[in-house]
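Counting from 1, one number per residue, gives the positions in the sequence shown under this note's numbering.
Just so you know, the hints here were simulated from the structure itself, not pulled from any lab data.
Quick caveat: nothing in here was measured; it's all calculated off a predicted structure.
Do not rely on the hints blindly, as some may be mistaken.
What the hints assert, rightly or not - Under the rule of at most 30 Å between Cα atoms (straight-line distance), these lysine-lysine pairs were calculated in the DSSO-like manner:
hint, residue 1, residue 2
1, Lys174, Lys65
2, Lys562, Lys174
3, Lys117, Lys537
4, Lys209, Lys537
5, Lys117, Lys209
6, Lys65, Lys117
7, Lys537, Lys166
Stated by the list, open to error - Distance windows between CB atoms, simulated:
hint, residue 1, residue 2, range
8, Ser587, Tyr565, 28 to 34 Å
9, Trp551, Leu147, 34 to 40 Å
10, His165, Phe567, 35 to 41 Å
11, Pro415, Phe567, 52 to 58 Å
12, Arg592, His165, 55 to 61 Å
Virtual Cβ for every residue (Gly too), placed ideally from N, Cα, C.
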Amino acid sequence: MVEFAMYHAWIIPLLPALAFLGISLLTRPWPRLSAYLACGSMLVGFVFAASAAVGVFTDPELIEKPLVYAVRWFSMPGLFIEAGVQLDPTSTMMLVMVTLVGSLIFIYSIGYMHGDKGESTFFAYLSLFASMMLGLVISSNLLEMFLFWEGVGLCSYLLIGFWWHKISAREAAKKAFVTCRVADFGLLLGLISLYLVFGTLNIVELAEKIPGFPNTGLLLLLAVLVFLGPIGKSGQFPLHVWLPDAMEGPTPVSALIHAATMVVAGVYLVGRVLFLFAEVPAAMEMVAVVGGFTAFFAATIAIAQREIKRILAYSTISQIGYMMLALGVGSLSASMFHLWTHAYFKALLFLAAGSVLHALHDRADVWEMGGLVRKMPITTWTFVIASAAIAGIPPLSGFWSKDEILAMTLADGHPVLFLLASFTAFLTAFYMWRLTFLAFFGPENPENHPHESPPVMTVPLMLLAFFSVVVGWVGTPWWPFFGEWIRFGEVHHGANYLVMVSSTLLGVAGILLAWYIYHDDRTRAYALAERFKPVYKLLWHKYYIDELYLWFNHTFIDGAAKLLYLFDIYIVDGVIVNGIGFLTRFSGAVLRLGQTGQLQTYALVFFLGVLMLAVLLALGGSPAGLLTLLGGVK
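Taking the hints into account, I'd like the entire structure generated from these sequences.
Okay, structure coming up:
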């Protein structure tokens, strides 16, 4: 089974693709059967992924040389493209994570989407989404990866706007699609340029050709173009604006996008081609600065938001920034480790939030909640575990991966980014436990009548809570299994106790501050908001980035469109098209004078012409004779 799974890993993305076709063509009238088909495809895919992982992680040679098998996709003179599978520790880890977390999200969706009119369609889209992500993960060629990359974007559009009857959902879907297409145009230019320079888009071949390439200026340009795609897909500043609005989709979609699929695809792509960025220090600095700033930037916004899923959305942007920061300081293992742990506790956070929304009939404002622990104990305590994990409280998973990033940032000689990331850890603990205390503890809202979700929703929560505790143990300083397998020529320095103690204290301080302000009497929160009203307003409006983009669109895009409209009306239509039309009509009117269509007129003209020629010849054929005949001067 292990060897079969390794050499037939293409079956893993094929299974949910077949589920998509089966639901679309056969089981659409039976929603429950469609749900079982989708869930079954993911569970079988997880078995295959786990078997492939056993094979990869028991073969030390696959650390240095990945298992690649491919077939010719298309070829022509000067162009040869393969499509295939690349298995190594990084891609295998992603396969296990996507199928495991995806399976739990699919099962949870059975309860969450029960009774929805489009339930079968939802599971069809969800299956196609998983298939695209799994295909992206195992691609051995960047062009192949790009096609799956675009497939992920299409599926996100379909799922974010799934409740199309809501204007906000339709607009959010369009915003996500357009924003990512802008970024993907830069990525496409980068891939074309890579092929023109190196003659291949095969990842293994590029890893052999790029190191030592003498033109660092060209490599920097290529790195910038390639990085534009991940900036959009992973919601990094300044193309982060689509991701909070994506909360308009069903909550399982939010969990899948933010935890296991779309937003981590950008991190995965940069990790896949990190050898390109590593050749140019400026490119690595770019990735690190964008990631570090985004982590801090999004965390500051989250502390002022009120909608439960929107807070989690900004949390995702911030945590993806941590992963980019790790890549920028040259630590592939730290980035992938945080991606690994983040998938479990972020999926848990979103699914628990979905349980709350399910119980409160989509009331999303955390200030209108409170006291849910009494009626929803499973949802509450699983959410508490996930909040502690993301806050970096030991020995939960987030503590180990976050500390690895902080330690590697400090070891790589980036003290400013280290301090910024450490302060972001404090902010993360603060805004997550602000949410926790407001929603689950404190006084109950008498307008709410919450109830615990059914087992089909709570069992995935409990399993994810368990994983949120233990999945980080594979990367502790004393058992660095994860870092030993997923590495990029980096040196691990063991346990940094200063970082571990300081980050833990910052996390605890953030939790205590949130408890002091929000746990019971909320007058302190109102007083702080009033005292720092300009700052609060700035954070509430998300630094006015959306307003800035809207102003830019109205001023420049709409203005340019108006100028082009006027040019089209008055120059293209008015001068060129209408001018040519006028000349045609005028010349036609002149010619029409001699083209009456009457045979008698043509005969008379013919006769008069012959008569004039005869008279001219009679007078000697001279023009003077003709003038004499007509009464002219001799």
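Consistency of the hints with the structure:
no.: 1; hint: Lys174 x Lys65; verdict: violated, 41 Å
no.: 2; hint: Lys562 x Lys174; verdict: holds, 22 Å
no.: 3; hint: Lys117 x Lys537; verdict: violated, 40 Å
no.: 4; hint: Lys209 x Lys537; verdict: violated, 51 Å
no.: 5; hint: Lys117 x Lys209; verdict: violated, 53 Å
no.: 6; hint: Lys65 x Lys117; verdict: violated, 49 Å
no.: 7; hint: Lys537 x Lys166; verdict: holds, 27 Å
no.: 8; hint: Ser587 x Tyr565: 28 to 34 Å; verdict: holds, 30 Å
no.: 9; hint: Trp551 x Leu147: 34 to 40 Å; verdict: holds, 35 Å
no.: 10; hint: His165 x Phe567: 35 to 41 Å; verdict: holds, 39 Å
no.: 11; hint: Pro415 x Phe567: 52 to 58 Å; verdict: holds, 54 Å
no.: 12; hint: Arg592 x His165: 55 to 61 Å; verdict: holds, 59 Å
Comparing the model with each earlier hint shows violations of hints 1, 3, 4, 5 and 6; every other hint is respected.
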